[in-house]
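First to last, the sequence lines map onto chains A and B. Okay, so the first sequence: first residue is 1 according to full-length UniProt numbering, each after it adds one. Okay, so the second sequence: first residue is 1 according to full-length UniProt numbering, each after it adds one.
In case anyone wonders, no lab produced these hints; they're calculated from the structure. Be a bit skeptical, because a hint or two may be false.
[Unchecked claim] In silico lysine-lysine, BS3-like type, Cα no more than 27 Å apart, as pairs:
1) A/191 with A/131
2) B/102 with A/83
3) B/92 with A/66
4) B/159 with B/176
Here the structure is a predicted model, which is why all the values come from computation and not from measurement.
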Amino acid sequence: MSIFSYNGAAVVAMAGKECVAIGSDLRFGVQTQTITCDTPKVFRIHDKLYLGLSGLLTDAQTLHEKLMFRHNLYKLREERDMKPSTFGHMLSNALYERRFGPYFAAPVVAGLEPDGTPFLCGMDTIGAMEKAKDFMITGTSPESLYGMCESMWRPDMEPDELFETVAQCLMSGFDRDALAGWGAVIHVITKDKVISRTLKTRMD
Amino acid sequence: MAESQYSFSLTTFSPSGKLVQIEYALNAVAAGATSLGISAADGVVIATEKKLPSALVDETTVQKIMTITPSIGVVYSGMGPDFRVLVRRARKTAQTYYQSYKEHIPVAQLVRETAAVMQEFTQTGGVRPFGVSLMMAGYDDNGPQLYQIDPSGSYFAWKASAIGKNMTNAKAFLEKRYSDEVGIEDAVHTALLTLKEGFEGQLSGANIEVGVVGPNRSFKVLTEAEVNDYLQEVE
């Protein structure tokens, strides 16, 4: 049994035309036992920056708390929100600091830079960062998620189209995954608002 | 007088509420060569006298204005060795920030961290305050900025200011000359004229140092030839 598939998760993030969307499943389980269906794996850092974390849930939660700590101090000192690219680098650095006792979490960062360009990046558990112009995924069924995203993504999608695409990729992706699913939440981030939608899916 | 009884231990307040060691550190600064800075609408200039103890010193190896990041430079008045230690610390702070965030440290943040170091040395046992005041100049997303940091660790943002031997006269001169719409070229001229006021002898590229940062966000120490060119424009 892998530590990364102890809890189960599916996270998809995609870039559109001056917008990004990020979504995750809602299952919280311990191996085969499902405990709740209201545990999103996507967290808000600020209005233009969301973080998705898959892997061991306790590490995902702790990492999120530590990053909020750092971002809050940054906001107080610098009197501004962190840019998504800056956040990505900081996260990479923070993960590598634990190189020989890592957080068992794989993050996806999605946001809009101050000039409106979408920013997407993903990392492995020790902080190897990879930026993408199209989509980033992480979870317990990466092959399904990659397959769906690769075939469904197109450039320059408007926010509503982007939502539909992320929803379909997520849902079809985690349908074949026993450890992820049981509902989904998707956030679409644009210049002036964030629209969050919760999806009812197959509850198995 | 009673004050001197408290002047040996840095970490003890005197009855009047002063830390006498800091006062004395400020004296060390006031005995140092004059330095000044001017923040213009589109950049910052800092300058200092480079008075060498003897004509035999190889002035090309003496550098009083140092770069901390590509966009931030600093000059001092006071004790040279103390300055070098602070520059080392500031450079490390800036690089640590860059390693974490892959973004160059904003001027105000670097000033805050450096001032914190200077304050530490006024509250720790067994150390003495730094005998320098710093003039830090930089250009970041908030535009051109000029800060002064004192041995106590207090810092102020200035539109224009001077530290060191001739500071009162220099500041009076700057007060008369400063205007918000001044551009960087005019600011360099004003800086040179201000230095000239208190200078004994003839100003030249070999006995002053000038550093400039403009909208290109690249801090540069001017070469001797460049300084001489500006001096000619000012004559």
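To see whether the hints hold, each was checked on the structure:
{"no.": "1", "hint": "A/191 with A/131", "verdict": "holds (21 Å)"}
{"no.": "2", "hint": "B/102 with A/83", "verdict": "holds (11 Å)"}
{"no.": "3", "hint": "B/92 with A/66", "verdict": "holds (24 Å)"}
{"no.": "4", "hint": "B/159 with B/176", "verdict": "holds (13 Å)"}
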